[in-house]
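There are 2 protein chains.
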Amino acid sequence: MRIEAVDFFYLAMPEVTAAADGSQDALLVRVAAGGHVGWGECEAAPLPSIAAFVCPMSHGACQPVAASVLGARLDSPADIAAIAVRVARNSMDLLQAPHTLSGLETALWDLLGRRHGEPVWRLLGHRHSAPKRPYASLLFGDTPEETRARCREARAQGFTAVKLGWGPIGTGSARADADQFAAAREGIGGDGLLMVDAGQVFGEDVAAAAARLPALRAAGALWLEEPFAAHAYEAYAALAAQSPVGLAGGEAAHNLAMARHVVDYGRVRFLQIDTGRIGGIGPAHAAARHADARGAVYVNHCFTTHLALSASLQPYAGLSRHDICEYPARPSALARAVPVAPLPIADGAIRAPDAPGLGVEVNTAALAPYLQQVEIRIGGRTLYRTPPLD
Amino acid sequence: MRIEAVDFFYLAMPEVTAAADGSQDALLVRVAAGGHVGWGECEAAPLPSIAAFVCPMSHGACQPVAASVLGARLDSPADIAAIAVRVARNSMDLLQAPHTLSGLETALWDLLGRRHGEPVWRLLGHRHSAPKRPYASLLFGDTPEETRARCREARAQGFTAVKLGWGPIGTGSARADADQFAAAREGIGGDGLLMVDAGQVFGEDVAAAAARLPALRAAGALWLEEPFAAHAYEAYAALAAQSPVGLAGGEAAHNLAMARHVVDYGRVRFLQIDTGRIGGIGPAHAAARHADARGAVYVNHCFTTHLALSASLQPYAGLSRHDICEYPARPSALARAVPVAPLPIADGAIRAPDAPGLGVEVNTAALAPYLQQVEIRIGGRTLYRTPPLD
Numbered sequence: 006m007r008i009e010a011v012d013f014f015y016l017a018m019p020e021v022t023a024a025a026d027g028s029q030d031a032l033l034v035r036v037a038a039g040g041h042v043g044w045g046e047c048e049a050a051p052l053p054s055i056a057a058f059v060c061p062m063s064h065g066a067c068q069p070v071a072a073s074v075l076g077a078r079l080d081s082p083a084d085i086a087a088i089a090v091r092v093a094r095n096s097m098d099l100l101q102a103p104h105t106l107s108g109l110e111t112a113l114w115d116l117l118g119r120r121h122g123e124p125v126w127r128l129l130g131h132r133h134s135a136p137k138r139p140y141a142s143l144l145f146g147d148t149p150e151e152t153r154a155r156c157r158e159a160r161a162q163g164f165t166a167v168k169l170g171w172g173p174i175g176t177g178s179a180r181a182d183a184d185q186f187a188a189a190r191e192g193i194g195g196d197g198l199l200m201v202d203a204g205q206v207f208g209e210d211v212a213a214a215a216a217r218l219p220a221l222r223a224a225g226a227l228w229l230e231e232p233f234a235a236h237a238y239e240a241y242a243a244l245a246a247q248s249p250v251g252l253a254g255g256e257a258a259h260n261l262a263m264a265r266h267v268v269d270y271g272r273v274r275f276l277q278i279d280t281g282r283i284g285g286i287g288p289a290h291a292a293a294r295h296a297d298a299r300g301a302v303y304v305n306h307c308f309t310t311h312l313a314l315s316a317s318l319q320p321y322a323g324l325s326r327h328d329i330c331e332y333p334a335r336p337s338a339l340a341r342a343v344p345v346a347p348l349p350i351a352d353g354a355i356r357a358p359d360a361p362g363l364g365v366e367v368n369t370a371a372l373a374p375y376l377q378q379v380e381i382r383i384g385g386r387t388l389y390r391t392p393p394l395d
Numbered sequence: 006m007r008i009e010a011v012d013f014f015y016l017a018m019p020e021v022t023a024a025a026d027g028s029q030d031a032l033l034v035r036v037a038a039g040g041h042v043g044w045g046e047c048e049a050a051p052l053p054s055i056a057a058f059v060c061p062m063s064h065g066a067c068q069p070v071a072a073s074v075l076g077a078r079l080d081s082p083a084d085i086a087a088i089a090v091r092v093a094r095n096s097m098d099l100l101q102a103p104h105t106l107s108g109l110e111t112a113l114w115d116l117l118g119r120r121h122g123e124p125v126w127r128l129l130g131h132r133h134s135a136p137k138r139p140y141a142s143l144l145f146g147d148t149p150e151e152t153r154a155r156c157r158e159a160r161a162q163g164f165t166a167v168k169l170g171w172g173p174i175g176t177g178s179a180r181a182d183a184d185q186f187a188a189a190r191e192g193i194g195g196d197g198l199l200m201v202d203a204g205q206v207f208g209e210d211v212a213a214a215a216a217r218l219p220a221l222r223a224a225g226a227l228w229l230e231e232p233f234a235a236h237a238y239e240a241y242a243a244l245a246a247q248s249p250v251g252l253a254g255g256e257a258a259h260n261l262a263m264a265r266h267v268v269d270y271g272r273v274r275f276l277q278i279d280t281g282r283i284g285g286i287g288p289a290h291a292a293a294r295h296a297d298a299r300g301a302v303y304v305n306h307c308f309t310t311h312l313a314l315s316a317s318l319q320p321y322a323g324l325s326r327h328d329i330c331e332y333p334a335r336p337s338a339l340a341r342a343v344p345v346a347p348l349p350i351a352d353g354a355i356r357a358p359d360a361p362g363l364g365v366e367v368n369t370a371a372l373a374p375y376l377q378q379v380e381i382r383i384g385g386r387t388l389y390r391t392p393p394l395d
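If you read the sequences in order, they're chains A and B. Just add 5 to wherever you are in the first sequence, counting from 1, and you've got my numbering. Just add 5 to wherever you are in the second sequence, counting from 1, and you've got my numbering.
Each hint should be verified, as a subset may be incorrect.
[What the hints assert, rightly or not] Label-pair distances were calculated between CB atoms; the ranges are: (1) B:Gly40 - A:Ala212: 38 to 48 Å; (2) B:Arg294 - A:Ala246: 19 to 29 Å; (3) A:Leu394 - B:Pro249: 56 to 66 Å; (4) A:Ala371 - B:Val345: 50 to 60 Å; (5) B:Pro249 - A:Pro392: 53 to 63 Å; (6) B:Ala72 - A:Glu150: 29 to 39 Å.
[Claimed, not checked] Residues on chain A that point at chain B, a partial pick, calculated with CB under 7 Å: (7) Asp30; (8) Ala56; (9) Ser63; (10) Glu380.
I should point out that these hints are in silico values taken from the structure, not numbers from a laboratory. Bear in mind that the values here come from a model prediction, so they are computed numbers and not experimental data. Glycine included, every Cβ here is placed at the ideal spot set by N, Cα and C.
Can you build the whole structure from these sequences, using the hints too?
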């Protein structure tokens, strides 16, 4: 097969707020080849990501992503890897390119799986799709009371694990944060798993993050996620050396090397990878193997749709030791509209679907209200216009 | 002052080829505040970088760069640093943002310097603008003969130092590369400085790069630049441990942490920073101090205009030990048209200008033939249209 068409669809809620809710918009990618279609999702700013696909070439190492994809051969996983190598080389100086490629690469896997009638995880070499324990991924409330209520609600929905993130953490005193952590523990109950996501709020300030460790330990938190800026490996390592709570990080990794580094230099114990950012399912799979080899735990990063959720499960589907799964528990109406049906949770566990490709059907008919009509023109030439979604 | 307006101008040659010549297009930024104007240049794909300035917000940590800049206070270097902190936080998930910010941040320094009647390097705390030895930055020829001729031409123009990059290096045999290195040495003469830029061609293949070391040593190369992908610090360190030739790298750094890491993890001896990519002059200045503290040599990265060249000189203007300067020796007609006058080379040396701001006047009248007319619309709303250039 040859890749015949690549279409990007920018979807957004009618109102987008400054909350840390990444499900307020979405960038879907549809790929067509040999009579088959595959879908993927970029976890990325839609407009710059579309621009990175269609922009004019600046020079040989700053070409649009399209130049390395359209017309390329697609018969095997090796062909997908070859496309990724070409994008890395030809779009070396185009910073946004990995985010654009991520959803596209995922769509290539989906298409290839559908063509061969195999789930993506099997194409990756996994022999089974192991059960993962889904944790409800939530934002902290503005107050401990709100946080407690959100955790109770998640528990009532059947979740035995909860992660709280962002909100006021790190913006006030360590005491105020301790009240939040304690409220979260109360809400989820003594036997639930509790994780905390600081959303990079401490920058590179190790002392400020360390001041939160006693309360995290008292609340029995499994991990402290992203205390620092994504590249601040020195700070991660310095905190890891003194923390009784494991550190988690890696969601910002936009290539495999960054995933390695947050483990090897940053000493995180939980490596969180977003297939919608790292370049897709191929590099995420390599990151999972790296985490496994290093004794770290691989965890998917996902806060958007069940299309992205399935993609995020594929890389570590068969790695039984890595048994935790981020589950977007309060996604936007747009995110809920994307799949025809959500991935089921059965007996408290979720699995990568045993169905061709990603095993998720995109509900194109439901997406019309969210579709953004975009047009990009240079010198009278139309580089991009939102394609029909049907 | 408050930042009143930020205008991006996308310039391109009539024909852009796949050569590794980064001067075939340019993205200039003009900032207005308090009756003053400053200019900067992004070393970046223009269309995605413009999109990163104007795109709709995706969520609180994925806001357009404009949200952190327009209307912001600009009275001191600390205000510029505060803007950079806000962009890093508010545009955390917008991968292209650092490239967009780089030219913009440079323009803020230019504006501030003009307002205070001071060169940027003085605002940075440098007490003088030390002479640097310019090296002609060239691409390898397709054959050793072409390479030799280019080096001879540079020598005839007065350059006593030459860097050759890209071209066929690494794509054929080590023997073929050795012939290129020897030809370059012949062309520049026995007493000239010779540097080699591999343009990331070896990916992460340490053995392939190591196979070129004997010939580099025989040719008396001062450094081997970017043998590997930008993030492949493990490969850099492995090669550095066995190389008689110093390694150089860092041009792809799009934040200060990456600059630190290529020195601290990658063990490069020459840290090359592009102010048009790392986020501007502020982080480049911090990178220069880091290199100095670590005993490495800081070198500017510049392959485009003299506006970018002046910006690239400011961060290390007063650091006398760091006395080499990349000088674009065969820039495109577009790149030559940008400044009213180029930075002079006097007595074989170049210096950051002793003039307000960057000390470079932009020749707007000469740029009309290169100006690209861009329009970006979403849902009937125009997010960007090329502004008048006058």
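Evaluation of the provided hints:
no.: 1; hint: B:Gly40 - A:Ala212: 38 to 48 Å; verdict: holds (43 Å)
no.: 2; hint: B:Arg294 - A:Ala246: 19 to 29 Å; verdict: holds (26 Å)
no.: 3; hint: A:Leu394 - B:Pro249: 56 to 66 Å; verdict: holds (59 Å)
no.: 4; hint: A:Ala371 - B:Val345: 50 to 60 Å; verdict: holds (57 Å)
no.: 5; hint: B:Pro249 - A:Pro392: 53 to 63 Å; verdict: holds (55 Å)
no.: 6; hint: B:Ala72 - A:Glu150: 29 to 39 Å; verdict: holds (31 Å)
no.: 7; hint: Asp30; verdict: holds (5 Å)
no.: 8; hint: Ala56; verdict: holds (4 Å)
no.: 9; hint: Ser63; verdict: holds (5 Å)
no.: 10; hint: Glu380; verdict: holds (5 Å)
Consistency with the previously given hints is maintained throughout, with no hint failing.
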